[in-house]
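Single-letter residue listing:
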Amino acid sequence: AQSVTQPDARVTVSEGASLQLRCKYSYSGTPYLFWYVQYPRQGLQLLLKYYSGDPVVQGVNGFEAEFIKSNSSFHLRKASVHWSDSAVYFCAGPNNNAGAKLTFGGGTRLTVRP
Amino acid sequence: NSKVIQTPRYLVKGQGQKAKMRCIPEKGHPVVFWYQQNKNNEFKFLINFQNQEVLQQIDMTEKRFSAECPSNSPCSLEIQSSEAGDSALYLCASSPGASGNTLYFGEGSRLIVV
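Each protein sequence line maps, in turn, to chains Y and S. The numbers in my numbering rise by one with no breaks, and the one at position 87 of the first sequence is 87. The numbers in my numbering rise by one with no breaks, and the one at position 42 of the second sequence is 42.
Hints in this document: simulated from the structure, not taken from any laboratory. Ideal Cβ positions, reconstructed from N, Cα and C, are used throughout, including at glycine. Hints are not guaranteed to be accurate.
To give an idea of the chain Y side of the interface with chain S (calculated C-beta under 8 Å), a few residues [claimed, not checked]: (1) Tyr27; (2) Tyr39; (3) Gln42; (4) Leu102; (5) Gly106; (6) Arg113.
Computed far set for chain Y versus chain S, every beta-carbon distance over 10 Å [stated by the list, open to error]: (7) Asp8; (8) Val11; (9) Thr103; (10) Gly107.
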């Protein structure tokens, strides 16, 4: 079965530090992959997406992610975090049914210490 | 700001009561999804539509859940007889296509069943 795994349920970093949130996927083909962020009491906001081409994709607010097929990974990175980046981050990829719906990782709760 | 509009943001229902949530997809997006996000951040796909037609749905044999996307009206998700386990954030998302496209989420409707 296709799956998306986020190994770290919680990550805490200091403001200004670099960040990596991990995402591993299991998919038989070449996946399309997404990172979403959820702030408290809000819905999901798209940070970035990968379909094909350049494996490093740039997103909003200084976020980027790298698709590494050999490692089945799509880790999210940011060079310098801000306290406002504190939120829950979700990695998502295709479900085993062709097309429509996505499957989500369990989320990583990021806390940025001032 | 999300272009997918969900109402209401919050609803509180007693067990056995009906709960109805609405969603206006982003303009030009023919595909609409409903997901349930529980307190453990687990996402459960419920149903999706392309225009007015159901594309995929979970087994709703318990018949408590129903959804529709009529033309020229908001999409809706209705729970006929709410149960405590239905307490969750219900997320609507729209997409420009049915396969491999980005999902754009609304702010969600948080259902609390007391």
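Checked hints:
1. Tyr27: Violated, about 12 Å.
2. Tyr39: Violated - the Cβ of Y/Tyr39 stays beyond 8 Å from chain S, reaching only about 10 Å at its closest.
3. Gln42: 6 Å, holds
4. Leu102: 6 Å, holds
5. Gly106: 6 Å, holds
6. Arg113: 22 Å, violated
7. Asp8: Given that every Cβ of chain S is farther than 10 Å from that of Y/Asp8, nearest at about 13 Å, it holds.
8. Val11: Given that every Cβ of chain S is farther than 10 Å from that of Y/Val11, nearest at about 14 Å, it holds.
9. Thr103: Per Cβ check, Y/Thr103 is inside 10 Å of chain S; nearest 8 Å; violated.
10. Gly107: 4 Å, violated
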